[in-house]
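K.L.:
For this one, chain A is given, so just place chains B and C on it according to the hints.
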Amino acid sequence: MTATLAPHREPGSPAPASSRRLADRVFRIREFGIVAVLVVFVAVTASIQSRFLSSTNIQFILVDATIFALLALGETIVVISRNVDLSVGSVLGLSAFLTARLASNTHGLPLPLVFLAGIGIGLLCGIVNGLMVTIGRVPSLVVTLATLYIIRGADVLIVGGGQVVPSSYYPSFLTISKATVAGIPDLAIVVAVVIAGGAYWLRTYRSGRELYAIGSNPDAARLAGIPMGRRVFTAFALSGAIAGVAGVLWASRYGTVDSTAGTSYELQVVAAVVVGGVAIFGGSGSVVGAAIGALLLQTINSALYVLGVSPNWDQAIAGFLLILAIVLDRLISLRLTASLRRRSARRGA
Amino acid sequence: MGPGEEDGHRSPGADAGADAGEPGSPAEPAPDSAAPAPVSRSAPAGTSPPEPAGTSPAAPVDTPSMDSPGTPPAPAAPVNTTSPDSPNTPDSPNTPDSTATADAGTDAGAPVVLSLEHVSKSFGAVRAVIDGSIELRAGEAHALVGENGAGKSTMVKILAGVHQPDSGTLLVNGQPTELHGPAGAIGAGIAIIYQEPTLFPDLSVAENIFMGRQPLRRGRRIDGREMTTEADALFARLGVRIDPGRIARGLSIADQQVVEIAKALSLNARVIVMDEPTAALSAVEVARLFDVIAALRADGAAVLFISHRLEEVFEICQRVTVMRDGRHVLTSPLAGLTTGDLVRAMVGRDMPERVAGERGAPGAVQLTAQRLTREGVFTDVSFEVRAGEIVALAGLVGAGRSEVARAIFGIDRYDAGTVTAGGRQLRKGSPTAAMTAGIGFVPEDRRQQGLVMEMSIQQNVALASLATLRKAGIIRASAERSFAADWAVRLSVKYGRLTDPVSMLSGGNQQKVVLAKWLGRRPSILIVDEPTRGIDVGTKADVHNLLDRLAGEGIAVLMISSELPEVLRLADRILVMREGRLAAEFTQAEASEESIMAAATGQLEAQER
Amino acid sequence: MRWETGLVVVVIAIAIMGSSLSPQFLTANNFFNLGLNNGEIAIMALPMALIIISGEIDLSVESTLGMSSAVLGVLWADHWPMLAIFVVVAVVGALAGAINGLLVTRVGLPSLAVTIGTLALYRGIALILLGPRTVANFPTIYTNVGIVAIPHTDLPYSIGIFIVLAVIFAIVLHATPFGRSIYAMGDNAEAAMFAGLRVKRIKTTLFIVSGVASALAGVLFTFRLNTAVQDNGTGLSLDVVAIVLLAGVSIFGGKGSIGGVFLAVLAFAGLQNALLLTNFNQEATGLVTGGLLLVSVFVPNAAMFVRSIRRAVTRMTRRMPSEPALSMPRKDT
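Protein chains in written order, with this note's numbering: chain A, 128 to 476; chain B, 6 to 614; chain C, 186 to 518.
Some hints here could point you the wrong way.
Claimed, not checked - Not the full set, but computed from the structure, chain B residues with beta-carbon under 10 angstroms of chain C:
no.	residue
1	P206
2	P448
3	G455
4	A467
5	A589
Claimed, not checked - Covered by chain B, per the in silico footprint, the following chain A stretches (three or more residues, Cβ under 8 angstroms):
no.	segment
6	344 to 354
7	422 to 433
Please keep in mind that the hints were generated in silico from the structure rather than gathered at the bench.
Please read all numbers here as calculations on a predicted model, not as lab measurements.
Every residue gets a Cβ at the ideal spot worked out from N, C-alpha and C, and that includes glycine.
Pulled out of the complex, with its shape left as it was, chain A reads as follows:
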């Protein structure tokens, strides 16, 4: 008996290490893949149209991608927990209009207060979403689909036919998105730091890891005694607050704000998150990946423009990439599961 059973374990012992390596490799390929696509895209575009790499163009791409990546950060936190927040575009729109009014000369609120107001508006929306999902037990898809329209409707009622135009702001508001350090927009630096902070939180704090656990296996999370309601609620609140901040930046970047600001942004944000390797069913993916996904989509938009391709193609490409990303993700995870299964089988045999 010992004769058969002792070797049963021994040859097996190196196997876990190799399957770990396999898993690591696959995930590294995932993020590496996005970066590679990004680099190739930039290189090809630049070789055709050198104007693409002009400092002004880079700054534009970075500032636009920054707002986008910020939204992707909030969305990622929600998606990791096996939920989705479709209301981010509407929250951005509401926050953009209201804070734009606060930043206009007639009101003249100091800049930090404007940001606080943006955070507050977004937080409020996020709290409403979070409460309905956690206490109301309504699927987040339905809740946020509804609030997507409700918040937009409220926006329309508040704005009416009006708009805020750039000339009405006090000057420092518009310079938020213009200031640069060594050719890199201040904004991009700040947001990069925020995203790095988010990534660090999700990696190294219990509450962050618990979000992954909830998304990976909700039943097991409940049995492990994780306060699921509180964590998911926090995710929605954060997503809302972040969308609120993005609204302020949006107003500063584009200047003219009416009731359509940020319309259908939610689709692009979900696309960026999924393209960035965050599993749509939760449990895996990273904030950094999502941010790179956002940068990639923004770069593609900009490249198409620079290359003279009609902007009419933008949306179809975003949709196509979203589908491509989830199909690839699915195929990779099927492959991974199958090969892990074979490995453990070989080890068991």
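P.N.:
For chains B and C alone, kept in the frame of chain A given last:
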């Protein structure tokens, strides 16, 4: 942390009750000794043969033997509901296995750390637990046994804080306590190892163990290195090598179970509930687990051990609580009891004689599996089932039995081999093709796979026969009703109205609905996967008789069952699977619980060498 | 109380409210407009109901509508014969649905993610086809669907089509093995598969039907407004989903009826129309639709909602004497 280090953290009071089970004490296998597993396993296995009913003399427990199947069991069976403090029954000279347990005789004075008193719990119409009581003392391994459906799992879920009892009290250290959810149970020092592993597939093994309790360093950040070290230490204690850094997805069932055990150990809990922890483990891993249990006891923890393998119960536990049909039947020290005693207390009557063998000779081959392989799941499985015979697939959980059945029926695809049914080779991955060839399939998970719970009884019965119940494409309501009523009567399903949701039925009647659904198609081949899991004793006998009758009528029956008495009672031939391969085949005459278990755990091959 | 009974009450209440708001409400002319404005949504709601009952969702319907409209416009501008255009549009709709269905059933992707993707993709294709162009000059024989009622009635053609389709869908869903299978897989896809139901094939079929219905809606939409533009139908998916959930179809699948959908269309159309008569900002009707959606998912959950709040409150008040802990304090390293 090693076991030695652990001692330092135990309160002095808790150590008092643990003197007998100190690791390294002569009678107990030392936790770290590399003693070959059979030494510890063979003792009870050899000494407690499954006694045929009625032959065991001087049963120390006064079990009623006249509960006939079909009649509801008498409430509060007139069993010697031994008060835990009463001294052990002194007689029963015929229990040599007392050597295995006597050494560990629990100190009756050890403090009671946890008890459930007269709890009940119902789910809708189903009364899962009617009067359940259990009492755990520091330093003991306490067995909870009972048939499927006796209410054990519900008791576990109550201890886990998943369910709140409808009545009765939970005492922790003598104080009435309410557990608000699983976090409450963990906070109260209760750790649960569930039957089904509950892992986070996307997270690392170490995170799975420490989720929510990760070791921290400055600034409340998770200390990843410390977490890995601690996980490694836990695995060392369990004598296995699993990389704490790998993700949990793709772990074998045995490894998943090991991670679950490590998780429970990491809680440093004073009460550890193990719900069939050995179901998926190999003999070596079981031996290691038993060493760990001994060490836990030595540390003063209480272990509640649930297992269907009674020899394990005798090997590792000091006291036992038996449940039947949701009620507490007895609590007693194990020393002095025999497996026969326990079985009688569990079943409430003598085990009936085997029924197979009275059928005529089997007819033509109906179902053939040839060299069936699904990589990593099962390999090179070949067998045939003839008309009028019952062939059982036995083996441990995770041995690949259900997976073979799923592949035959077309739920899963297979990588190589062929399935022939009724003379025709079946298309891969097509349940429709399997059904056309005359196969019916009663799956293992009744609620998830067998029934559409929101639908009515009638609709569930008709679900697989809709094609025959329609006229011009429209389902004829009257035909559907009479079809369902006909089969419900034939299988004596107890129901209110046929339009009631099937979820209102008891487990046993639900299983009859699943059977009716397939029998309504008049199959020539019937695959039944765990046909009596979680159903009451009376209905169980009905199902057994039904399967027997079906075989008698010439249907080829392939049965998967983890209950060896059921297998021995019904099957004409028994195929044993181990780690995805067919390990042995027995005729009914050759088979015994020991021989099947030996083949299922791999001891057979070892002995042959 | 059955959900449908509640809906009847709601419809009556809306009728009373509407007629008290404006004497116009209960006129034949208003009914015509009311039907006209909601015909396309109503048609798309039928396959959506089946899809949601089967446990999936199709958010791409508005873009399939838009894409069909764009194809119609482009081909008409290219002087194709109208019948050939209809065939092409139907094929486009079927293809759009088939792509959704195959990605969901064969690749095994969540329908939510897939149809969010195709929501963008199909709209993007409409945008590519038409750009900023507007195609208008459709023949009056077709554009009359937006002006003329079905002879001898006050119903617009789109509502006539809806009623015929509703009857067919009701029979299929409630009386055929196909419909029974939809319920079974929506409640428990695994059990349906174990009962030998062709889950994948049926779901793919449903998505294709949804695509074709959306294409039909696209044609009606285009003719009604006599305009093919790239943003035709933007935002309608939510209206369709809202109607279906208002109809008592469970977002988790397995429950709902075509009768409910019919009543929900009435309630939805009546409410929109009443708001129209009160000079409510038309751009903000999303507020009402979204609210309706929330109400219809919250009402079935209301009991549970109250219970969970009560439990939270009792837990908070009982916090004080916590469970006696058995476990040793973890050593903090």
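K.L.:
Please verify the coverage claim for the segment 344 to 354 of chain A: does it have three or more residues whose C-beta sits within 8 angstroms of some C-beta in chain B?
P.N.:
holds (count 10)
K.L.:
If you take the shortest Cβ to Cβ gap from G455/B to chain C, is it below 10 angstroms?
P.N.:
holds (6 angstroms)
K.L.:
A467/B was flagged as interface toward chain C. Is the shortest Cβ-Cβ separation under 10 angstroms?
P.N.:
holds (8 angstroms)
K.L.:
Mind checking, does the segment 422 to 433 of chain A have 3 or more residues with a CB under 8 angstroms from chain B?
P.N.:
violated (count 0)
K.L.:
Under the criterion of a CB-CB separation shorter than 10 angstroms, is P448/B in contact with chain C as hinted?
P.N.:
Nearest chain C Cβ about 5 angstroms off; hint holds.
K.L.:
Is the interface hint for A589/B satisfied, with its Cβ closer than 10 angstroms to some Cβ of chain C?
P.N.:
violated (29 angstroms)
K.L.:
Just to be careful: measuring from the Cβ of P206/B to every Cβ in chain C, is the smallest value less than 10 angstroms?
P.N.:
violated (16 angstroms)
Hint compliance for this structure: hints 1, 5, 7 are broken, all remaining hints hold.
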